[in-house]
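Asker: Quick mapping for you: the protein sequence lines, in order, are chains A and B. The first sequence lines up with residues 1 to 114 when you count with the numbering used here. The second sequence lines up with residues 1001 to 1113 when you count with the numbering used here.
Among the hints, erroneous ones may be present.
[As the list claims (entries may be wrong)] Below, a list of computed lysine to aspartate or glutamate pairs in the EDC-like style, where the Cα atoms sit at most 20 Å apart:
no.	chain 1	residue 1	chain 2	residue 2
1	B	Lys1042	A	Glu62
2	B	Lys1042	A	Asp56
3	A	Lys78	A	Asp97
4	B	Lys1042	B	Asp1084
5	B	Lys1071	B	Asp1031
6	A	Lys68	A	Glu44
7	A	Lys68	A	Asp30
8	B	Lys1042	A	Glu11
9	A	Lys24	A	Asp107
[Said to hold, decoys possible] If we take Cβ atoms under 7 Å as the criterion, some of the chain A residues that face chain B in the derived model are:
no.	residue
10	Val12
11	Tyr31
12	Gly42
13	Leu43
14	Tyr48
15	Pro61
16	Phe65
17	Asn100
18	Pro102
19	Asp107
20	Gly108
[To be verified] Restraint-style ranges between C-beta atoms, simulated for each label pair:
no.	chain 1	residue 1	chain 2	residue 2	range
21	A	Arg64	B	Pro1113	39 to 47 Å
22	A	Met40	B	Pro1113	27 to 35 Å
23	A	Ser73	B	Pro1113	40 to 48 Å
24	A	Asn71	B	Ala1029	42 to 50 Å
Hints in this document: simulated from the structure, not taken from any laboratory. All residues carry an ideal CB built from backbone N, CA and C; glycine is no exception.
Listed below, chain by chain, are the residues.
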Amino acid sequence: DAGVIQSPRHEVTEMGQEVTLRCKPISGHDYLFWYRQTMMRGLELLIYFNNNVPIDDSGMPEDRFSAKMPNASFSTLKIQPSEPRDSAVYFCASRLDRGNQPQHFGDGTRLSIL
Amino acid sequence: GESVGLHLPTLSVQEGDNSIINCAYSNSASDYFIWYKQESGKGPQFIIDIRSNMDKRQGQRVTVLLNKTVKHLSLQIAATQPGDSAVYFCAENRSTGRRALTFGSGTRLQVQP
């Protein structure tokens, strides 16, 4: 059973460039979450979707960040323009909508903005 | 994933000993709790969960204890192995309303061979 799949695993780019991170949730899961992890702030929720609809984007740091979920099997997190302070590991997670269920995480995208 | 927090509390144990990792949660309305394990270069991995109508739940080599009176959660690992070395996070959620988990800051477990 495939888990949450994220791509790319690593991304290094120069500031000002557009960055797109991708996520494929576990098939059948109704919720999808985007997190950012840094040494200083730990795991931060950026946004989450239910049935492809954004529910809470209060964690998105700035207008430079946007996320979409065009269908149940794909989501993107885009940063435009990117800045060095965006460097972090970005995780995607998904879960079932069936009472209390754990979130299952991908292995993340390590993003470095030079 | 990266190590979380420059000053993560660290628990160092000898291989074969039992480990206890503690977590204080913040929201008295939380009714669902999860422990995650994060190894270097990987995402958080689900270990075990517990609902607020229970005070103990056991898995394979792991036990979670919940004390709602003092809002405290613990993870016990029996016969700790080198492969248990990782950062451990507790997370809390309410079963109604917002579906996002609130994560603790994590504890690093180091198992000495």
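Asker: Each hint needs a verdict: does it hold in this structure or not?
Answerer: Hint check results:
Straight-line distance between C-alpha atoms of lysine 1042 of chain B and glutamate 62 of chain A comes to about 26 Å, which puts the hinted pair past the 20 Å bound. The straight-line distance between the Cα atoms of lysine 1042 of chain B and aspartate 56 of chain A is roughly 25 Å, outside the 20 Å bound, and the hint therefore fails. For the proposed pair lysine 78 of chain A and aspartate 97 of chain A, the alpha carbon gap of about 26 Å is over 20 Å, so the pair is violated. Using a Cα cut-off of 20 Å, the hinted pair lysine 1042 of chain B and aspartate 1084 of chain B holds, with the two alpha carbons roughly 14 Å apart.
In summary, the hint linking lysine 1071 of chain B to aspartate 1031 of chain B is supported, as the alpha carbons are separated by about 11 Å, within the 20 Å threshold. As the CA atoms of lysine 68 of chain A and glutamate 44 of chain A are separated by approximately 18 Å, the hinted pair is consistent with the 20 Å bound. This hinted pair checks out: lysine 68 of chain A and aspartate 30 of chain A have alpha carbons roughly 15 Å apart, not beyond 20 Å. Distance restraint check for lysine 1042 of chain B and glutamate 11 of chain A: the Cα-Cα separation of roughly 16 Å lies within the 20 Å cut-off, and the hinted pair is therefore satisfied.
With a C-alpha separation of about 12 Å, the suggested pairing of lysine 24 of chain A with aspartate 107 of chain A holds against the 20 Å cut-off. The interface hint given for valine 12 of chain A is violated, since its Cβ lies 15 Å from the closest Cβ of chain B, which is over the 7 Å cut-off. With 7 Å as the threshold, the beta carbon of tyrosine 31 of chain A comes within range of chain B, its nearest partner Cβ sitting at about 6 Å, so the hint holds. Interface hint status for glycine 42 of chain A: upheld, as the beta-carbon distance to the closest one in chain B is roughly 5 Å, under 7 Å.
Taking 7 Å as the C-beta cut-off, the interface hint given for leucine 43 of chain A holds, the closest approach to chain B being about 5 Å. Because the smallest distance between the Cβ of tyrosine 48 of chain A and any Cβ of chain B comes to about 6 Å, under 7 Å, the interface hint for this residue holds. Evaluation of the proline 61 of chain A hint against chain B yields a violated restraint, the C-beta minimum of about 16 Å exceeding 7 Å. Annotation: phenylalanine 65 of chain A was flagged as interfacial toward chain B, and the flag is violated, the nearest CB pair being 16 Å apart, outside 7 Å.
Given the 7 Å rule on beta carbons, the hint for asparagine 100 of chain A holds: about 4 Å separates it from the nearest Cβ of chain B. At its closest, the beta carbon of proline 102 of chain A sits 4 Å from a beta carbon of chain B; the interface hint therefore holds under the 7 Å criterion. Here the hint on aspartate 107 of chain A is kept, as its CB sits about 5 Å from the closest CB of chain B, short of 7 Å. Checking glycine 108 of chain A against chain B by beta carbon gives a least distance of about 5 Å; that is within 7 Å, so the hint holds.
Our hint of 39 to 47 Å for arginine 64 of chain A and proline 1113 of chain B holds, since their Cβ atoms are close to 46 Å apart. Checking the proposed 27 to 35 Å range against methionine 40 of chain A and proline 1113 of chain B shows it holds: the Cβ atoms sit about 32 Å from each other. Taking the beta carbon of each, serine 73 of chain A and proline 1113 of chain B are about 43 Å apart, inside 40 to 48 Å as hinted. For the pair asparagine 71 of chain A and alanine 1029 of chain B, the supplied restraint of 42 to 50 Å is violated, since their beta-carbon distance comes to about 34 Å.
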